[in-house]
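Novice: Going line by line, the protein sequences match chains B, R and F.
Anchor point for the first sequence: position 257 equals 257 in this note's numbering, and the numbering is continuous, going up by one each time.
Position in the second sequence (first residue = 1) + 422 = this note's numbering.
Position in the third sequence (first residue = 1) + 768 = this note's numbering.
Honestly, the hints are just simulated from the structure, not real lab data.
Please note that a few of the clues may not be correct.
As the list claims (entries may be wrong) - BS3-like mimics (lysine-lysine), calculated; alpha carbons at most 30 Å apart, straight line: (1) Lys931/F <-> Lys1132/F; (2) Lys180/B <-> Lys135/B; (3) Lys445/R <-> Lys473/R; (4) Lys110/B <-> Lys66/B; (5) Lys106/B <-> Lys142/B; (6) Lys941/F <-> Lys1125/F; (7) Lys1125/F <-> Lys189/B; (8) Lys941/F <-> Lys110/B; (9) Lys194/B <-> Lys67/B; (10) Lys1132/F <-> Lys180/B; (11) Lys480/R <-> Lys536/R; (12) Lys150/B <-> Lys931/F; (13) Lys1068/F <-> Lys1021/F; (14) Lys67/B <-> Lys106/B; (15) Lys132/B <-> Lys960/F; (16) Lys714/R <-> Lys1132/F; (17) Lys1047/F <-> Lys714/R; (18) Lys825/F <-> Lys714/R; (19) Lys1052/F <-> Lys1021/F; (20) Lys78/B <-> Lys137/B; (21) Lys134/B <-> Lys843/F; (22) Lys1088/F <-> Lys180/B; (23) Lys200/B <-> Lys1132/F; (24) Lys103/B <-> Lys922/F; (25) Lys142/B <-> Lys66/B; (26) Lys679/R <-> Lys30/B.
All of these numbers come straight from a predicted model, not from anything done at the bench.
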Amino acid sequence: MQKNQENIPLVTADGTPLKISLARAQRRSKIIAFLMVFPLLLFITIAFIGPIADMLMLSVENSIVKKILPKSAEALQKWDEYSGQLPDEEVFAAIVEEIKQAKASKQHTKIGSRFNYESSGFSSLFRKTGRKVKKIKSPPFKDGLIKADKRWGEIYTWQVIKQNSSNYTDGYYLAALDFKREFSSGNIKSLESKDSIYLKLFFRTILLSTLITFLTFVIGFPLSYMLSTVSTRISNILIIFVLLPFWTSLLVRTTSWIALLQQEGVINDFLLLVGFINEDGRLAMIHNATGTVVAMTHILLPFMVLPLFSVMKTIPKSYVRAAISLGAHPWKAFWKIYFPNTGPGIGAGSILVFILAIGYYITPALVGGSSGTFISNRIAYHISSSLNWGLGSAIGVILLGIVLLFFVLYHRIVGINNMKLG
Amino acid sequence: MILHDYDYEIYASLREEAQDKLKITYVADRYGNYIPDIENITSAQEEWLLKKVEEARKIKVNVSSLPPYLSIPERIWHYTFWIICGAVLFFLIFPLLVIIPLSFNEVPFFTFTKKMLAFDPDGYSLQWYNDFFTSLNWQGAVRNSVFIAFFATIISTFLGTLASLGLSRPHMPYRTLIMSLLISPMIVPLIISAAGMFFFYSRIGLQGTHLGVILAHAALGTPFVVITVTATLTGFDNNLIRASQSLGAPPTTTFFKVIVPLITPGVISGALFAFVTSFDEVVVVLFVGSYKQRTIPWQMFSGIREQISPTILSAATLLILITIGMLTTLELLRRRTERLRGVTPS
Amino acid sequence: MNYFMRTIISITAFVVVGMVSQAMATELVVVSWGGAYTASQQNAYHQPYMDRTPGVKIVNDDSAGSAVAKLRAMKQAGNTTWDLVDAVASDAMMLCDEGLVDEIDHNSALANGADGSSATEDFGDFIVSPCFIPQIVYSTTFGYRKDKVSRPMKSVCDVFDLKSFPGKRSLEKKPINNMEWALICDGVSPSKVYDVLGTDAGVRQALAKLDTIKSSVVWWTAGAQTPQLLADGEVVVGSTYNGRLFALIEEQKQPVAMLWDWQVFDLDGWVVPSEGKNKAEVMKYLRFATDTQRLADQAKFISYGPTRASSAPMVGKHAKLGIAMAPHMPTDPNNAKTTLLFNYEFWADNRDDLDAKFNAWLLK
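If we strip away everything but chain B, and leave its shape as in the complex, we get:
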């Protein structure tokens, strides 16, 4: 009996075997689905992923040296930087010629700045040499160059140039993690604690973001619970209270916190009036970490409330009532029955708040003072002011890595497909 059934293949109405027909239909379905997603995928790749990839490239790119000093870089490869001897005349000849060309095309200060990021003094070295290089017309170029600036006679100068002349560099990442390469020995050393900025900033950013996430959770949970249990009419009115700050500009909310938290601001004046503090004891709630935490908790609260609310709405109230009717204390019913069901909402809200908090830059800049700034402020500084785009990108890539790590964790625990925004 079984044998017979195995030997008879199933066919569809037009005679093709069912398996093939099914596979064909599924493939068509897959293609149509993919075609619908494709436009957005393409758009995001160009408009968004492309920029991020570009930043990745910038964080390791060092082609400027090979572009401006190609012959010198090549000649330097033959020189042993630990031999205690200066490079030979060939290198000096190459670099003099290339600095002359760079000066003509106005690139010499750029290369000076690039080396300056690794060791200070190079900016002025290249600028000065650029001014004087046209006087060096004939060999020996070595003496001529050293006469233009005596730093060319130091081995250290050449060590720095040689060790930074390949097309890719790890210097930016080293700096972003508070390491420093000692050019005289080629070793990587970590910076002393008084000079290390970035690890501290990373740590502070993550710590404060975790605190903010926790605070939004503690404050937002009761509110979401109330919103999900009252009648729809009242909850619709109260949701306006949550949506209104959400739709008000971030800058406006930050400004109002400045007005509220200042030493001479509304809150301090009120506390003075009520008698909690006296004139000398005005609380310093701004230009420090407190200001950042308070302002950002307020700004990010809607992002915790909305996902929690959308999840809580779907939990049937009968569960808790059933637990109570079976004899559980209301508190126990809450913790054992209700709370675990809100898990996806807590997860979505927390990850959203945390990731937004880590990346914030405007609010910490305006209210954070010096103890409440985030790593993103440093990135912005390097892009707009110090113009060390390589370092800014390196810090950005590390920050992105941290965020992706947390996001993968979130996906493992909660799952992307369960994200809702109310």
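Since the structure of chain B is already known, use the hints to place chains R and F on it.
Specialist: Just chains R and F, lined up with the frame of chain B:
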């Protein structure tokens, strides 16, 4: 007070008494609920009904207060809970309310002067509102904000809805991976997106152009559309599609007449999120745009840092008032639709 | 659908009309620093020029703070939207070295001085770079709340004296100027400040001195912040650009006084982006805006010193308040008893390095 058909629960509870004692006829409304025949009712019957309904409504309110079996600690907890929630709502709203009086400040600073606290009329002035409406910078900012947000929303809504429809299909390959990629603009910290876009768009010549800012904002807004529309589609009953197809509708008709009306709330919700994201976005605009693309947030940022101009407070107050107006209108419209349909808010 | 289409059309029309009306005139985008400074340029240069030249519109962009980054990006993008940039001397030198701004032949491009001198003679040493057209001499200095101190502040070292002058201070969130003041108040001779600062020990000394007031410092990043903080009473003394303090004291009538001791001079001037789109018009504008009368006119609105020698005797009264401007100038002998000149070479070299050390110190 008039008799509403949405009080059908109360009518149902009164039915026996009304039909027996006063001989009020009950008819079925279009939803199948039995309600009194309000058209053909005598004034005495109407008066009785009104009185009963009024009492029932009051009891309803009483019913929603504390059940009598709660112990004292539980009652205390109940009221404490409401106080906590009230405090949280206050925390949310108060900073916004503070701005409104500050926008009438007479001096160009962000503090309450002594004159203002004493409610001295000299301390108040409309100069910042005047500044806002006459300043070329602000006019350009409003124009740019609306223009950029509008087109960015259109792009992100269209592409996002299309992608969500594709993602919800049963045989979508690499669904999780693609979903992560599409949500990535929401996940990646804003400063990184802004910095990356600054470098990349400069390379391809889009830095300092309206198109560049629109594309950037569209990219930032799509995750919201994708999330809300896919969430709506998870509750979508595929049998409806099969039913419409079995009734002979071609795919386009199915799409426009069956799918679109049902996902419209999700799409609109996502579009609103995308619009607000673009309208309120400041970091990307500062990096990718230039003076010609200045938006309202750009002007505000400059007003805090370079100028100390409380004009931003007057702009903010106007925006808050517009938002309140819009949200209230939406709520009133929603209630009106419900009343017309005869559905009680549950 | 119909309603939807109508909305789209009306919004597009609203926007297009606005854009078209702007496109009729030649529009010059002038980038400057905002606040009282841009207002003075508007009153002294832009408005008179627009009155004389119908068909030209000048708009102000306040992003001079990130001028170098933006110009670099614009050059890369091939889309330079700025026509004229107001830059401090150090930024101008950097931009000139990188070819992002044009070299100017001062004698032919700019007007002669009213006293007959050529432009190069009139501006003199202030032309620190071939691309730079000097505009004003300004200084970074302190202002303090008269009503919150026991006696008037006379020396910059009073800023470091928490006992006699308790309260918060506001300093710029950069090592520039702060390190110099710290060393001077720690006993280093002013002429040797930059030599000392060039050594590791000197940097440590400066940071140690700043440590003594660190917990009372509010750090500012934009020129408008210190005036706001002083007006609010958040700080007792704060550093900023002297013109902002003038606006605060004389125009806003706040109870603040100037502390000129060891003010640091710097120059501010015009540079022309080399890939700008309206260079011919910009040069015409510059010829007008940098002549003797115009530079003297700017002094009527803000207390920055004109860089032309021929303008100095023409500095008169404030346009609105009617007070004499000369005593408020940083170059006035009464105010300029002790001054430092910004050392471009030193900071061009050491800025990145000292900045890293300064920020590490801030984080502690």
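Novice: Hints first: check each against the structure and report whether it holds.
Specialist: Structure-based check of all given hints:
1. Lys931/F <-> Lys1132/F: At roughly 23 Å apart (the allowed maximum being 30 Å), Lys1132/F and Lys931/F satisfy the hint.
2. Lys180/B <-> Lys135/B: Distance of about 36 Å is beyond 30 Å: violated.
3. Lys445/R <-> Lys473/R: This hinted pair holds, its Cα atoms lying about 16 Å apart.
4. Lys110/B <-> Lys66/B: holds, 13 Å
5. Lys106/B <-> Lys142/B: holds, 23 Å
6. Lys941/F <-> Lys1125/F: holds, 12 Å
7. Lys1125/F <-> Lys189/B: The given pair, whose Cα atoms are some 17 Å apart, holds under the 30 Å limit.
8. Lys941/F <-> Lys110/B: holds, 25 Å
9. Lys194/B <-> Lys67/B: Violated, at roughly 36 Å.
10. Lys1132/F <-> Lys180/B: holds, 20 Å
11. Lys480/R <-> Lys536/R: Roughly 48 Å separates the two Cα atoms, so the pair is violated.
12. Lys150/B <-> Lys931/F: violated, 48 Å
13. Lys1068/F <-> Lys1021/F: Between Lys1068/F and Lys1021/F the Cα gap is close to 17 Å, so the pair holds against 30 Å.
14. Lys67/B <-> Lys106/B: holds, 13 Å
15. Lys132/B <-> Lys960/F: The hint holds at about 26 Å.
16. Lys714/R <-> Lys1132/F: violated, 41 Å
17. Lys1047/F <-> Lys714/R: holds, 18 Å
18. Lys825/F <-> Lys714/R: Given pair Lys825/F, Lys714/R holds - Cα atoms ~13 Å apart, limit 30 Å.
19. Lys1052/F <-> Lys1021/F: Violated. Lys1052/F to Lys1021/F sits at ~38 Å, over the 30 Å cutoff.
20. Lys78/B <-> Lys137/B: holds, 25 Å
21. Lys134/B <-> Lys843/F: The given pair, whose Cα atoms are some 28 Å apart, holds under the 30 Å limit.
22. Lys1088/F <-> Lys180/B: violated, 56 Å
23. Lys200/B <-> Lys1132/F: Between Lys200/B and Lys1132/F the Cα gap is close to 9 Å, so the pair holds against 30 Å.
24. Lys103/B <-> Lys922/F: Violated, at roughly 47 Å.
25. Lys142/B <-> Lys66/B: Within the cut-off at roughly 21 Å; holds.
26. Lys679/R <-> Lys30/B: holds, 24 Å
Of the numbered hints given earlier, the model fails hints 2, 9, 11, 12, 16, 19, 22, 24; all others are met.
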